[in-house]
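**Q** Letter by letter, the chains look like this.
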Amino acid sequence: MLPEAIAAHPLAAALEARLPGAATGGTLENGELVLHIDPARIVEAGRFLKTDHKFIQLTGVTCVDWHPREPRFEIVYLLRSYETNVYLRLKSTVAESIDSVYEIWRSADWYEREIFDLFGVKFHNHPDLRRILMPENWKGHPLRKDYPVHGFKYSYAEPQ
Amino acid sequence: MADIETPAAPYLEETVIDSGTTREMTLNMGPQHPSTHGVLRIVIKLDGEIITDAKADIGYLHTGIEKQCESKTWQQVVPLTDRVDYLSNLSNNLAYCLAVEKLLGLEVPLRAQYFRVMLSEITRINSHLIWLGTSAIDLGAMSVFFYCFREREEILRLFEFFSGQRMMTSYFRIGGLALDAPRGWRKWIKKFLDVMPSRIEMWENLLNENPIFKKRTQGVGFISLEDMLDFGVTGPMLRGAGMKVDLRKDVPYSSYDKFTFDVPTQTSNDVYGRYLVRMEEMKQSLRIIQQCYDGMPEGDWTADAPKIVLPDRERMKTQMEALIYHFKIVTEGFRVPAGDVYQAVESPRGELGYYVVSDGTSKPYRIFMRTPSFGNLQSLAKLFERVPIADSIASLGSMDFVLGDTDR
Numbered sequence: 169m170l171p172e173a174i175a176a177h178p179l180a181a182a183l184e185a186r187l188p189g190a191a192t193g194g195t196l197e198n199g200e201l202v203l204h205i206d207p208a209r210i211v212e213a214g215r216f217l218k219t220d221h222k223f224i225q226l227t228g229v230t231c232v233d234w235h236p237r238e239p240r241f242e243i244v245y246l247l248r249s250y251e252t253n254v255y256l257r258l259k260s261t262v263a264e265s266i267d268s269v270y271e272i273w274r275s276a277d278w279y280e281r282e283i284f285d286l287f288g289v290k291f292h293n294h295p296d297l298r299r300i301l302m303p304e305n306w307k308g309h310p311l312r313k314d315y316p317v318h319g320f321k322y323s324y325a326e327p328q
Numbered sequence: 340m341a342d343i344e345t346p347a348a349p350y351l352e353e354t355v356i357d358s359g360t361t362r363e364m365t366l367n368m369g370p371q372h373p374s375t376h377g378v379l380r381i382v383i384k385l386d387g388e389i390i391t392d393a394k395a396d397i398g399y400l401h402t403g404i405e406k407q408c409e410s411k412t413w414q415q416v417v418p419l420t421d422r423v424d425y426l427s428n429l430s431n432n433l434a435y436c437l438a439v440e441k442l443l444g445l446e447v448p449l450r451a452q453y454f455r456v457m458l459s460e461i462t463r464i465n466s467h468l469i470w471l472g473t474s475a476i477d478l479g480a481m482s483v484f485f486y487c488f489r490e491r492e493e494i495l496r497l498f499e500f501f502s503g504q505r506m507m508t509s510y511f512r513i514g515g516l517a518l519d520a521p522r523g524w525r526k527w528i529k530k531f532l533d534v535m536p537s538r539i540e541m542w543e544n545l546l547n548e549n550p551i552f553k554k555r556t557q558g559v560g561f562i563s564l565e566d567m568l569d570f571g572v573t574g575p576m577l578r579g580a581g582m583k584v585d586l587r588k589d590v591p592y593s594s595y596d597k598f599t600f601d602v603p604t605q606t607s608n609d610v611y612g613r614y615l616v617r618m619e620e621m622k623q624s625l626r627i628i629q630q631c632y633d634g635m636p637e638g639d640w641t642a643d644a645p646k647i648v649l650p651d652r653e654r655m656k657t658q659m660e661a662l663i664y665h666f667k668i669v670t671e672g673f674r675v676p677a678g679d680v681y682q683a684v685e686s687p688r689g690e691l692g693y694y695v696v697s698d699g700t701s702k703p704y705r706i707f708m709r710t711p712s713f714g715n716l717q718s719l720a721k722l723f724e725r726v727p728i729a730d731s732i733a734s735l736g737s738m739d740f741v742l743g744d745t746d747r
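Chains as they are written, first to last, in this note's numbering: chain A, 169 to 328; chain B, 340 to 747.
Warning: the hint list may mix true and false statements.
[What the hints assert, rightly or not] Computed footprint of chain B on chain A, listed as stretches where at least three residues anywhere in the stretch have a Cβ under 8 Å from a Cβ of chain B: (1) 170-183; (2) 208-222; (3) 249-263; (4) 302-312.
[To be verified] Derived pair list, reagent style BS3-like, types lysine-lysine, alpha-carbon separation capped at 27 Å: (5) A:290 with B:394; (6) B:411 with A:307; (7) A:313 with B:702; (8) A:290 with A:259; (9) B:411 with B:441.
[What the hints assert, rightly or not] Below, a sample of chain B positions facing chain A; criterion: calculated Cβ distance under 10 Å: (10) 401; (11) 565; (12) 704; (13) 710.
Quick caveat, the hints were computed from the structure, so don't treat them as lab data.
Each residue gets a CB set at the ideal place from its N, CA and C atoms; glycine is no exception.
With the rest of the complex left out, here is chain A:
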């Protein structure tokens, strides 16, 4: 259920009217609207926002690892409307995989590859899901919270 303050927001209300239950919550802080979207319906919600509300550009996609909370990965979609100059964030919390939004915004291509590379979240229907920043034979996903900042791959300690 959406909190009352969010449900009154025109954008959230329109989304709720078209796709009931897709938005499971939200916040409105610092003038920035955040909507929590059911991960199974992220593509539907994205398409609705692009066609009906002119969010023609996906500014970026990122991920936050809330280890050890389960499900741990929060995928964050940063959207921008050039007509109203409104920033909108969509959040979906997933355990390991989510549908790709590549078919709606092609800019999702590299951003989703980056999340796959650095967090190990898989994207269904992504055309080319490979590592992008790390070497292709790299083991592990560096931006996960259980991946140490240093002392993992190489040891700089003096040999015994």
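Using the hints, position chain B against chain A.
**A** Positioned in the frame of chain A, the structure of chain B alone reads:
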């Protein structure tokens, strides 16, 4: 002659499509190539001289800055943001500081805001100068490169005068500036403002009507506006296609709404159009710097927040309270209320955004840098579609990306 068979170079993987005369060739451009302006590898498929497919391979400069940020205190992240886009470091400082200040609910004094605007605009000129010099040298205009770097040297001296550092300035801090502007700054800015208009005119005289430059840039590097928006392109490339977008006007930050300036656009949507847009942007930046120079308010350069901003040395040595705060800030940093925030600024390359997540401790939980180069470079496959390989160099230069910014 025709009978001699030369063995194929091992790095040129040739695949025969047709047993007749047509051959598709795969060509590796980079990672060390002068026109990629960094360490970028592009795998190009060629049909004769026409590019049929191009794939960018990035990540050679990945340094894990986002991971490093998570182990630093909030204020210690500022020097790391310099290293992301090393040609427009102050824009990065600004975006990060604004994001954290938004989370803290901190209001920065007007003097600090004006200095931030002024130095960000000088950064824009600095970054555009590098772009102008390097993309002109790609097209064979050697002298422009030397002239641009001469002026850039002046700007770096100006940065050193303000912050003590030429490139990695870290001059903007959470809560204001690192130091007040040094005495005599007006003289330096005045000199800069006096010299620059004539210099811009000189560069324009060198290139604007240069027949070789025009031949190599006009009608080259076309990519439709719909494709650009779809691929996440921002900044001067959009403005070169006639779209009037500028975050300084659309979503004003750091008192940009107090300044009058125009957003230049061109409708030609080619390399030449992007060149004209950037040249005009430099002139508009000078207008903004002039307004800062004329209307610089007096007062504090840091916010009145003793728990966040370090006290000055004099107070730290004479007042017990200031000493305690100094100790607390230096040893454990300050806490930032839990929450997340996205703050975007118009960097010389486009939309630079910082998505900052705090869990209420003295270290950031996650920092995501939405860098303009990453978004712009994604459109490379489309930009290179069916163009001759000689034109690809001009198109690549017109994107104005920094690989440190792309790979972070």
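**Q** Hint by hint, note whether the structure agrees.
**A** Consistency of the hints with the structure:
1. 170-183: violated (count 0)
2. 208-222: n = 0 at 8 Å, threshold three: violated.
3. 249-263: holds (count 4)
4. 302-312: holds (count 4)
5. A:290 with B:394: Status holds; Cα separation ~22 Å.
6. B:411 with A:307: 25 Å, holds
7. A:313 with B:702: The given pair, whose Cα atoms are some 14 Å apart, holds under the 27 Å limit.
8. A:290 with A:259: Cα-Cα ~16 Å, so holds.
9. B:411 with B:441: 19 Å, holds
10. 401: 4 Å, holds
11. 565: Where the cut-off is 10 Å and the nearest Cβ of chain A is about 8 Å from residue 565 (chain B), the hint holds.
12. 704: Residue 704 (chain B) check passes; min Cβ-Cβ to chain A is 7 Å, inside 10 Å.
13. 710: 9 Å, holds
Consistency note: the structure conflicts with the earlier hints numbered 1 and 2.
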